[in-house]
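Protein chains in written order, with my numbering: chain A, 1 to 249; chain B, 1 to 205; chain C, 1 to 52; chain D, 1 to 218.
The set of hints was computed from the structure by calculation and includes no laboratory data.
There may be inaccurate statements among the hints.
What follows is a list of derived Cβ distance ranges for each label pair [claimed, not checked]:
hint	chain 1	residue 1	chain 2	residue 2	range
1	D	Gln183	B	Gln115	44 to 54 Å
2	B	Ser118	D	Gly89	29 to 39 Å
3	A	Phe183	B	Asn116	17 to 27 Å
4	B	Glu181	D	Gly156	48 to 58 Å
Only a predicted model underlies this, so the values are computations on that prediction, with no experimental measurement involved.
Glycine included, every Cβ here is placed at the ideal spot set by N, Cα and C.
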Amino acid sequence: MTPTPRPSLWEYANPVKFMRLSDWLLPLTAWLAAAAIAVGLVWGFFLTPDDFRQGSTVKIIFLHVPSALMAINAWAMMLVASLVWLIRRHHVSALAARAAGPVGAMMTLIALFTGAIWGQPMWGTWWAWDPRLTSFLILFLFYLGYIALWSAIEDPDTAADLTAVLCIVGSVFAVLSRYAAIFWNQGLHQGASLSVAPGTRMDWAYKAPLYVSMTGFGLLFLALVLAGTRTEIRARRMKALINRERMQG
Amino acid sequence: MELVASDLACARGGIALLEGVSLRLTPGQALILRGPNGCGKTTLLRTLAGLQPAMAGTISCPPETVAYSGHADGLKAVLSVRENLSFWAQIHDRAGVGVAMAAMNLTELADRQAQNLSAGQKRRLGLARLMVTGRWLWLLDEPTVSLDAASVALFGAIVRTHLAQGGAAIMATHIDLGLNEAAVLDLGGFRAAPRAPDGFDEAFV
Amino acid sequence: MMPDLGRYAVEVTLAYAVSLALLATLVGWVWLRGRRVRRALADIEARAGRKG
Amino acid sequence: MIALLARDLRLAMRAGGGFGLGLAFFLVLAVLVPLGVGPEGGTLAAIAPGILWIGALLACLLSLDRIFALDFEDGSLDLLATAPIPLEGVVAVKALAHWLTTGLPLVLAAPVLGILLNLPGPAYGELVVSLLIGTPALSVIGAFGAALTVGLKRGGLLMSLLVLPLYVPTLVFGAEAVSRGAQGLPVATPLLLLAGITAGSTALLPFAAALALRINLR
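If we strip away everything but chain A, and leave its shape as in the complex, we get (with noise of 0.2 Å):
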C-alpha cells in the first residue's frame, strides 16, 4: 500500500531512523554547542573593550541578541514543524514542535530578563513597556499556552492536531501583537534601541564574539530539541506499549 521508500529528507520522518540519526548528532552539536557558547561568552564577558556611550553594559549583548534571535527562530521553527505535521503527517515533526516550545520559552525568558537589565541603566528603570520588550512579554505568553495545550490534552494525535492549529492562528496573532505594541507605544522610548541597527557600524570586536555566541546559541537549540524530540518519541512508544498491554490483558 505504501510506495517504497525512495532516500529523501522525509526519511528522518521515520522514528527509528530519526533516533539513530540523532543518536551521533545530538553528542555533536551538543558539544559544539558547549564549546561555541564557552568561547563567545568568556570572549565577550573578558575581553571586549567597553562602548563609549553604553560602559561595560554592551557585554550584556552577548546574552540578549542570541536568545531574542533563537526565541523567534523557535516559533517560526514551532510553525513549520506543524505545517509539516498536518499536511504530511510526519510524527517526529509533531513531537519536534513539542519539544521546541520549552526551549523557546526559556529563550525568551532570556531574552527578557537581560532586555530589562539592560534597560535599567539605560533607562533608569527595570521594566520598560518598551515595543520590544513588550512583543517579547506576549511572546512568552503564546508560549505558555503552547505548552499548557500540549500537556491537557490526553491523546496524543488530537494534541498535535490541535497544538499545530494554535501554533499557525497563534503566529498570525503574535506578528500582529508586534505591530499592535510598536502603534500603542511608538516614540516613546525611541531613543534606547536595543538591538544594533542595520545602519550602524559596529566594530567587529563587538562583531566576532557575538557571532560566536549566536552560532553557540543555534547549536544549542538543536541539541535541546534533539533531546527534546528523542524524549518525546520514547515518551510516545512508552504510551503505546501501555496500552497494547491494556488492550491484551
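Start from chain A and add chains B, C and D according to the hints.
Using the frame of chain A, we list chains B, C and D on its own:
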C-alpha cells in the same frame, strides 16, 4: 442508494480496534452489530458517520446521507419536546415533526421541557429526531437503552417503517428488536492484530 | 582576573548570572526528563519482553 | 442557519447567564476599579478607556466556554457535525449568537459605565463605535479558543490562557481609539485597524475553529 464499506480499519485513541470490516447494505436492509464491550461498535458507527476518519478502507456513502444517533441524545434541557424536534427538522430542512412525535408516542408531552422528561422519554425524543432528518441510513448506537418494553416495540415499528420506505439501519444493540429479517454482524471476529499499518501509535512500537 | 566593569558591574554580572542559571535549568530539565523517560521505557520494554 | 441562531438565542435567554452574567460582571468591575484606584476624577478619566475595554474583554471571556461545551456534552455537536450545514457555518453562527447575547449588551451598557469612570465627554462616541467594531472579533477569537479546548474536562482556565494573548491586538487598538478620542486626537487609524482585525478574524477563524472541532470530535 447503497452502502458499501470495504476493508475498513478503525482506531480509537490511536490504537487499532477493528480491521478488515466489509459490509454492504441496500435500501430496506437492517444490520445489527454484536460483540463484547469495547470491541469497537461505537467506533465503527462513528467512522461510518464520518465523525472520524477510517485508518484504512473505503466507505461509499458520504456523511450527508447518514443520520447518527449516539449515546447522548443532543437534547436541550430548557427547550420543549416540540422545540427540540423542530430545531432538528429546520436544520435538515424537513417537515414531519407531528408525525415523528406521534410515532414515538410523544404528542402528549409536546410542550414539556426536555429537562422534565424521564430517561426513557428523552431517549424516545432522541430517536424521534431520526425521523425528521430525512436521511436514508440510520446509524444507531445502543438505541434501546432505558426504553421499556412498549417503547422498544414502538421503536421497532419506526425502524420497520423506515426500512419499508427504502431506508436502511445499522444498530449496535444486544436487545432483540423483533427485526427477524435483520442481518447480524459479530465484530468480535474483526479485532485488529496488534501490529497495524504505520501512521498511528503503532509506528512507535 | 575579573575585568573592570565600571559602574555597571552589578547589572552586567547579574545579566550573565541570571542567563546562565536559566540556561542551566533548561539543559538540566531536558536532561532529567530524558533520563526519566528513558528509564521508564526500559522498564516497560523489559516487562513486555518477558511477556511476549 | 437561522434555526441554529434562533435556538442559541432562545437557550441563552431561557437558561439565564447569557445576557445577564457578562453584563453584571462588567458593572461590578466598573464599580470595583474606582474603589481600588481612588475617587480622583483625573486618575479615573485617564484609565477609563483601558478599564472599559478590559472589562468588555473579561466579560466576553466569561461566557466563552458556553459556546461549544454544552453542545459537546449533550451530543448536539456530533449531530450538528453530521447535519447538512457546514461546521464552519455552525461556528460563525454560534459566534454571532455569542456576540448578540454578550457583546452587544456590553456595547449598549458601556456609556453608562463610562459615566461611573468619569470618561471624558468627547470619548463616548469612540467608546461605543470601537466596542461595536471590536467585540465581534472578541467573540470569533473566543469561539476559536473554545473549539480548541472543547474536549477538555476543565478547559476553562486553559482557554483563558490561550485566548487572552490572542486578544492583545484588539485590546490595543480598541483602547487606543477611546483614549485618542478622550484627548481629541484623530481616531480613524486605530478604528480602521480594529475593523481590519474583526474582518480578518471573522473571515478566517471559523475555518480554524471548525478544524479544531472536527479534531476534537474524532
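Status of each hint after checking the structure:
Between D:Gln183 and B:Gln115 the beta carbon distance is about 53 Å. The supplied range of 44 to 54 Å therefore holds. Taken as a hint, the range 29 to 39 Å holds for the pair B:Ser118 and D:Gly89, whose Cβ atoms sit roughly 34 Å apart. The hint said 17 to 27 Å for the Cβ distance between A:Phe183 and B:Asn116, and at roughly 54 Å that hint is violated. For B:Glu181 and D:Gly156, the Cβ-Cβ distance of about 50 Å falls inside the hinted range of 48 to 58 Å, so the restraint holds.
Violated hint for the displayed structure: number 3, the only one.
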